[in-house]
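Trainee: Quick note, the sequences are listed as chains A and B, same order.
Here the first sequence stands for residues 41 to 157, where the numbers follow this note's numbering.
Here the second sequence stands for residues 13 to 162, where the numbers follow this note's numbering.
Everything labelled a hint here was simulated from the structure, so no lab data went into it.
Hints may contain errors.
[Unchecked claim] Below, in silico cross-link-like pairs of lysine-lysine (DSSO-like), each with a Cα-Cα straight-line distance of 27 angstroms or less:
{"no.": "1", "chain 1": "A", "residue 1": "K139", "chain 2": "B", "residue 2": "K79"}
{"no.": "2", "chain 1": "A", "residue 1": "K139", "chain 2": "A", "residue 2": "K107"}
{"no.": "3", "chain 1": "A", "residue 1": "K88", "chain 2": "A", "residue 2": "K107"}
{"no.": "4", "chain 1": "A", "residue 1": "K64", "chain 2": "B", "residue 2": "K93"}
{"no.": "5", "chain 1": "A", "residue 1": "K114", "chain 2": "A", "residue 2": "K139"}
{"no.": "6", "chain 1": "A", "residue 1": "K114", "chain 2": "A", "residue 2": "K147"}
{"no.": "7", "chain 1": "B", "residue 1": "K129", "chain 2": "B", "residue 2": "K93"}
{"no.": "8", "chain 1": "A", "residue 1": "K113", "chain 2": "A", "residue 2": "K64"}
{"no.": "9", "chain 1": "A", "residue 1": "K107", "chain 2": "B", "residue 2": "K129"}
{"no.": "10", "chain 1": "B", "residue 1": "K93", "chain 2": "B", "residue 2": "K79"}
{"no.": "11", "chain 1": "A", "residue 1": "K107", "chain 2": "A", "residue 2": "K89"}
{"no.": "12", "chain 1": "A", "residue 1": "K64", "chain 2": "B", "residue 2": "K129"}
[What the hints assert, rightly or not] Not everything, but these chain B residues come out facing chain A in the computed CB check (under 8 angstroms):
{"no.": "13", "residue": "Q35"}
{"no.": "14", "residue": "P120"}
{"no.": "15", "residue": "V135"}
A virtual CB, placed ideally from N, CA and C, is assigned to each residue, including glycine.
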Amino acid sequence: MAEFRRLDVREVGDVTVVRFRDNKIIEDINIQELGQELFQLVETENRKKLLLNFSTVDFLSSAALGKLITLDKKVRAAAGTLKLSNIRAEIYEVFTITKLNRLFDIKADEADALAAF
Amino acid sequence: MEDNGWIWACDRSIASEMAGGRQILDELLARLIAEGWSRRDRFAIHLAVEEALVNAIRHGNRLDPGKRVQISCRLSDELVKVEIVDEGPGFDACRIPDPTTDERLEMPGGRGLALMKAFMSQVEFSRCGRRVTLVKHRNRAECREPSAES
């Protein structure tokens with residue numbers, strides 16, 4: 041498995057569970073790197089079932105949303121499945137305001153998300 | 013800005029790079045914690061000012077090192093007011109498309125303005141879009157957090 045600077049990656053069964061090392065996803069250079077690492081999981085390592093656990097994330101900007109949208113497209117293009125979990129209330133509000141809660145499959149916690157794959 | 017019982021004020025001119033803007037934003041957020049503003053209000057202000065800084069520096073001044081951004085922050089017991097002025101060509105905020113339509117939902121960008129409007133009490137553009145004024149009224153209905161997390 042590749043080494044990641046922005047992500048903690050582990051396997052739970054056939055699901056790849058990803059946590060973020062930055063609790064504020066905000067700096068442009070970090071967001072670019074984060075995006076590349078997420079895309080690598082799909083495009084290089086051929087992970088088909090991805091769960092992004094946001095339990096460590098306190099803040100993200102709209103630039104980070106753009107990376108998640110691009111990731112979702114790549115996962116769908118690879119016939120994979122992407123789910124999100126453990127999103128704190130303020131960040132979930134970002135998803136509802138932008139209506140991205142319609143695009144992403146968001147579960148309350150990791151157990152719920154894993155059960156839904 | 014007019015005197016409105018401000019307990020903290022900050023007026024700076026910064027280069028067209030995010031580091032200077034984030035330094036002021038960090039000072040503002042530290043004051044909000046010290047004054048006991050709720051986590052939700054702080055998140056809202058953080059997000060809106062971050063998006064406004066990106067608009068001014070990246071989309072307005074286009075990272076031009078020859079252009080400056082003026083930032084004015086005011087804090088009272090009840091509200092935060094932030095003005096950000098860039099030296100770019102300006103834009104018409106009314107012509108920014110709704111990012112939540114089916115056609116635009118999967119576009120990677122274009123959500124900053126919608127988030128500012130949703131999270132702040134008031135968002136006004138003037139000087140042909142080169143100045144944005146953000147106002148947030150304090151929501152005292154929410155409990156103050158027992159811990160002083162960042």
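Trainee: Does each hint fit the structure? Answer for all of them.
Mentor: Status of each hint after checking the structure:
1. A:K139 / B:K79: violated (35 angstroms)
2. A:K139 / A:K107: holds (16 angstroms)
3. A:K88 / A:K107: holds (18 angstroms)
4. A:K64 / B:K93: holds (23 angstroms)
5. A:K114 / A:K139: This hinted pair holds, its Cα atoms lying about 20 angstroms apart.
6. A:K114 / A:K147: holds (20 angstroms)
7. B:K129 / B:K93: holds (14 angstroms)
8. A:K113 / A:K64: holds (24 angstroms)
9. A:K107 / B:K129: holds (22 angstroms)
10. B:K93 / B:K79: holds (23 angstroms)
11. A:K107 / A:K89: holds (17 angstroms)
12. A:K64 / B:K129: Distance ~21 angstroms between K64 (chain A) and K129 (chain B) Cα, so the pair holds.
13. Q35: violated (13 angstroms)
14. P120: Hint holds; P120 (chain B) Cβ to chain A Cβ min 4 angstroms, cut 8 angstroms.
15. V135: violated (13 angstroms)
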